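Trainee: Chain by chain, the residues:
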Amino acid sequence: MTTIAKHWRLISLTALILSAGWMALTALFFPSGTGGRIPAPRQGFLAPDFELTTLDGQTVQLSRLQAQPVIVNFWATWCAPCKAEMPAMQRVYQQYRDQGLVILAVNATNQDSRQAAADFASQYNLTFSILLDTSAEAARQYQVRALPTTFFIDRAGNIHDVIVGGPMSEGLLRAQAEQMLAEVP
Amino acid sequence: MLPTVQLGPLTLQAPGLILLLAVWIGLSRAEKVSHHAGISADRFYNLALVMLTAGLIGARLGYAARNIDAFLASPASLLALSPQMLSATDGIIIAFAAGIGYTQKAKIPVLHALDALAPALAILMVGSHLANFASGAAFGAPTRLFWGIQLWGETRHPVQLLEALAAALIAFGIWPRAGSAAALPPGLRFVIFLGATALARLWLELLRGDGGLVFGGLRQAQVTAWVVLALAAAAGARLLNPGQKPGK
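Top line first, the protein sequences correspond to chains A and B.
Every number in my numbering is 404 more than the matching position in the first sequence, counting from 1.
Every number in my numbering is 3 more than the matching position in the second sequence, counting from 1.
Calculated from the structure, these hints are not laboratory results.
Because the structure is a prediction, the values reported are computed rather than measured.
Everything hinted at is true.
Now the in silico label distances, taken between C-beta atoms and shown as ranges:
| # | chain 1 | residue 1 | chain 2 | residue 2 | range |
| --- | --- | --- | --- | --- | --- |
| 1 | B | Ala237 | A | Pro435 | 27 to 33 Å |
| 2 | B | Asn244 | A | Ala560 | 50 to 56 Å |
| 3 | B | Asp45 | A | Arg495 | 46 to 52 Å |
| 4 | A | Leu420 | B | Arg180 | 24 to 30 Å |
| 5 | B | Leu168 | A | Ile408 | 23 to 29 Å |
From the three backbone atoms N, C-alpha and C, an ideal C-beta is built for every residue, glycine too.
Turn these sequences into a full structure, and let the hints steer you where they fit.
Mentor: This is the structure:
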């Protein structure tokens, strides 16, 4: 202990001075962050763009929805947690759509069917857009490994948060929606 | 990166599993050495249980308080099993407040309690970095070095693994050994853990690609870590020379 006590001040001062120098070096030569500049399915990154068709045949391109917060939810009709969170998503959509919130429910049509998705949307009275990912291209771009997986995309087109798995609670959906809507466009 | 583990029809979140494993290993290993800090295994477990419970409740209440409108509209969500609805900062503050409350009630000196917790916290740090590696969080800056890994569209420093290695070295360094109880004054083991963890965070931040800035290009994490390091240095000086005022 006497050795530690004897050298503590010297070790501490050395560590603090060298660390301050390291901080300056980092600030000068190593700019922080790569998020927001390249597309990747990760919080802080630019949301990868996709173009898919809806159940009624309309085309939706994500990048055209900039300036609006978007919830992109990957789902399938055979996925129980996906089904469980849909009513909450509908309620949140109904409350916030007038403020600009968009929900894109991307059906994993390559492992589901268009008819099943249509029946499901009708049964649950879903009024947000149901997109058909027939080739799984969007799921590949977003590296979806489990259903449901939900991406919250802010007005600037950057990923605000990612929730893998479900069902998401209504409180979580509302909290995320309100955080994104509160951001200045 | 391994965000999920598929077990038949079950999809398990690998980062959560790693964290749970780290808590279990940390507590079970730290329990065996808690007597070095003058605390019996039973009292150590009670302390850890109080802190864990209070931390979880505090983290959920903190998240709810920060999103009060959402939870007023959907109060049942307060009880939802969503790990995403936790505020880590609030959880840590409430856990330590509850821990201090328990030590007062059980008449355990706070410095002894902190020393007993340090090994468990050190293992939890290793687990948290490995969980980050599994989820792809706290990722590295782009690199062309041989050790680069493909992540989020770039070849990046495997900074989560380097941070896990640093945390493992810290755990090894502060782990109580025979005879060490007499070697360190109460509280110093925790202070060394805190200082070394801050030092590792500050130096490895250079390799991270997700850092936020505060001012003048300085990184937020480094500024915070430097302040923690300074506090740990001052606290250590005080513990080693209890009769001397800091700065003299």
